[in-house]
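Residue numbers (my numbering), protein chains in the order written: chain A, 1 to 138; chain B, 1 to 429; chain C, 1 to 432.
None of these hints come from the bench; they were simulated from the model.
Be aware that one or more of the hints could be misleading.
To be verified - A few chain A residues that face chain B, going by a derived Cβ cut-off under 8 Å, partial list only:
(1) Tyr-3
(2) Ser-8
(3) Ala-11
(4) Ser-38
(5) Ser-40
(6) Gly-43
(7) Val-46
(8) Gly-65
(9) Ser-69
(10) Asn-71
The beta-carbon is built from N, C-alpha and C at its ideal position, and this holds for glycine as well.
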Amino acid sequence: MSYLKQLSIFAENKPGRLERVTNVLAEVGINILAISISSSPGGFGVIKFIVNEPERAFHLLKEKGFTVSLNPVLAIALEDRPGGLHNVAIIFSKHNINIENAHVLIPDSRERAYLIVEVEDIDRAFNILKKENIKFYE
Amino acid sequence: MFWNKEIETINKKRLKTLQIERLRKTIRKAFNVPFYRERFKSLGIRPEHINGPEDLKKLPFTTREHLRENYPYGMLAIPREKVIRLHTSSGTTGKPKAIFYSRRDIDISTELIARCFTMTETTKYDIFQNMMTYGLFTGALIMHYGAEKVGALVIPISAGNTERQIAYMKDFQTTVVHLTPSYALYMADVLTRLGIEPKRELYLKRAYVGAEPYSEETREKIEEFFSIDVYNSYGLSEMGGPGVAFECKEKNGMHIWEDCFLIEIIDPDTGEVLPEGSEGELIITTLAREAMPLIRYRTMDITSIITEKCPCGRTHRRIRRIKGRADDMFIVRGVNIFPQQIERVLMGVKGVGKNYQIILDQYDMMTVRVEIDREVFTGRIEDLVYLQKELTEKIRDEVFVKPNVELLEPGTLPATEGKAKRVIDRRTL
Amino acid sequence: MIWDKKSECMTEKERQRLQLERLKKIVKYAYEKVPFYRKRFDKAKIKPEDIKTLKDISRLPFTQKDDLREAYPFELFAAPLQEIVEIHTSSGTTGKPVVAGYTRNDIEVWSEVMARALAMAGTTKDDIVQNCYGYGLFTGGLGVHYGAHRIGATVVPISAGQTKRQIQCMVDFGTTIITCTPSYSLYLAEAIEEEKIDKKKIKLKAGCFGAEMWTERMREEIEKRLGLQALNIYGLTEIIGPGVAQECMEKTGLHIAEDHFYPEIISPETLEPLPDGQKGELVLTTLTREGMPMIRFRTKDITSLKRGECKCGRTLVKMERVQGRTDDMLKIRGVIVFPSAIERTLLEIKGIEPHYQIIVTRPHHLDELEVQVEVSKEIFSDEVKHLEEFRKKVENKIEDAIGLRVKVTLMEPRTLPRSEGKAKRVIDKRQL
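Model the full assembly from the supplied sequences, consistent with the hints where possible.
Okay, structure coming up:
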């Protein structure tokens, strides 16, 4: 299964919202691998996490009353040299795949970095990237 | 100054005779309306039974629910070809209240405004800028016709675009304006920000302020800032629009035109008629409207009748400034809004729950706070932005006022049992 | 149904006699009451007594929109302010708007010519007229309102916008006559189709569409989708508002109320009058206006005149559908927009480079304006959030200036085409 599961949590744009979530995760020993926060001028935002136990985290947060969803994302292995990201970008552009959101995940080992990408049609993107010899998070 | 001295200073006895005659006529006309005919028949009422205002008690009330049930043409008392105008006013459900006018009805509404203008010394020498929204609401068009009747120069500028309002007040040397109190306060802020002093740079003499409830303090504030006289104006679409009651130069209560409207004050909970001077709900029976006569209409406005004679010489009694409502309707920017309307919009949009709150503050800001539906959350911020936009547009389309919409996490608002307090009004009008 | 048989079916001779009598009167009135006209006539060395035949009108000087702007606010009024009971202004500005003042008699005339127009569309007192033209300073709303009142029809003064409510009123009240811009009527048709309203619930029989240019093809489309007779109405604030001319059911041209508005066609280059049938600029003279008489006003609309019998029975001269303007003024959703007003606004904003393009499209039957403008490098490399705020600011400033909501697209420096001579600023992609 080469898709990672990403947690998205709805939060009002106020101080303390992030802390409430991280508190829950920390208490049960769930490790956060990556995080991204987007806010809208409308006064609210969405906090996204990649964690080591996504299903468990999802159910836990739901129980605690958070507004949370679990969505599949691609985790593309980046080569650690100049041009690493560029090569990936060329492939996306060539096949007309639009990147909706992206951020980077660097796991413990620090051996390589992964580009976490949200796209509209994840299956299509995955198949195209696989054909182009892209490696994913295992 | 009187527009029609004879009527405006008519003695009590002649007024009573006039009222009885017109009341009987109105009841006869109401027999043309199936809604009234059935109710009168079942209560055994005939026009001959009505010999004075005391007999009104025998007649049943008319409520806005009755208007809703008979939408669109059910309350019409004359053939459709005789109707020349339609106006609408907000209802609690998806349908508005439809109000009809014959040519005579328009003429009478126009006459009443002419009386109000003349009473406050607006004449053909005045330049009148009408800052109410033109269209289906009665506020603008009815005042427009009345202003033209006295020969004033009318600028039908409608509402909004404050910088243009100010430019025109200067260019055309406007002397009289018609607007809501919240807009007057807003304009005062804009003028201050632009560094314009009304006393030195504008030509204003007076303002007719209404369509929203406001206090004596607010009146004084507006008078002081603009250096003008502010006169309170009361009306409702069902009665033809503005001009039902209006302040004279004494500025102590609004004269209600008793040759056209028969008034009572009742206890809103029991329906019992209260003695003159008590505070309660204003009930109005039309005496001159033909297209859509209304018998004992429950206005839901809370006020009291002033018993003393007015120094101005007019014998039509005055009602005090409207204190509040007997229902949960509120007014923003002069527009009537029922919380039920907003609730209905929320229920029709996927993505939000049933828990909401409406906050009113500053002069005219309406914020609708609603909890999102946990089950429908997709995780995408774009979807939330779209949801917020959709709610804003749908609410605006329904109530004519654009809200601020706040999306809240579920559980933020107090969970309520029984009747929730949905509307929090922090305005100081 | 003809509203005023006496005026609308006069013989040519009778009418010319009436027009000459009124022309002499109005020229004298303007000369005596309006200093602007006295100066102009004196300069052209012509006196009111010199008008002896209708042809002599060509000796009088023209009036143009700029004259009205310079006369802001009341310099062209002939009647004292106490006699003026209503004011209207024109939409869109380069500088001051045009102000028109009406006396009670002017409102009378307006009500009458509008009653004629609505009657041409078949309106009687049994009809329900839904008026979707904007109410307020714009002449469209109140003009139709007064005319419908005159006939005794039931007016629904709904004004513009709120499509859902428009449809609700149409269905609930049984609207039979509708008045709005042609593009809005298509928008309504689309909304009705989307809501899957049973066509039997729509009782529309005719509509008076105007305030913007539209084609025969568009008429066919409107008639098919709304199931009504789509007729063209013409007017302008400087002359009176709507009601100057209206199409009858024959749809072979718009009858001009020439007993009140005297038409001429001139060549926009030589300014000489052209014979009937030839295309040129429409010039109008108000024959009965008290508040603000207009002598030989150049409308800048291109059309031609056609005289003779019309099958409807009216003998009033007809003008063909207006298909163009002599300048580059745009009409967007019925609102007049000058590209120069947008340019002026843009140049006042710091961070904007003086390279812009205005793209006019009509994607869903409603005109859309997109302003593409280049911004400085500093602004462009800023945070996305700030760029968005800046974009909104530009949109708001443009809206304040022209009274219309437009879409602004910020462009990187050097991405818009440059030109040697006059830049093509406006790209009108609508197929008018």
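Violations among the numbered hints, reported as their numbers in ascending order: When the structure is compared with the hints, only number 1 turns out to be violated.
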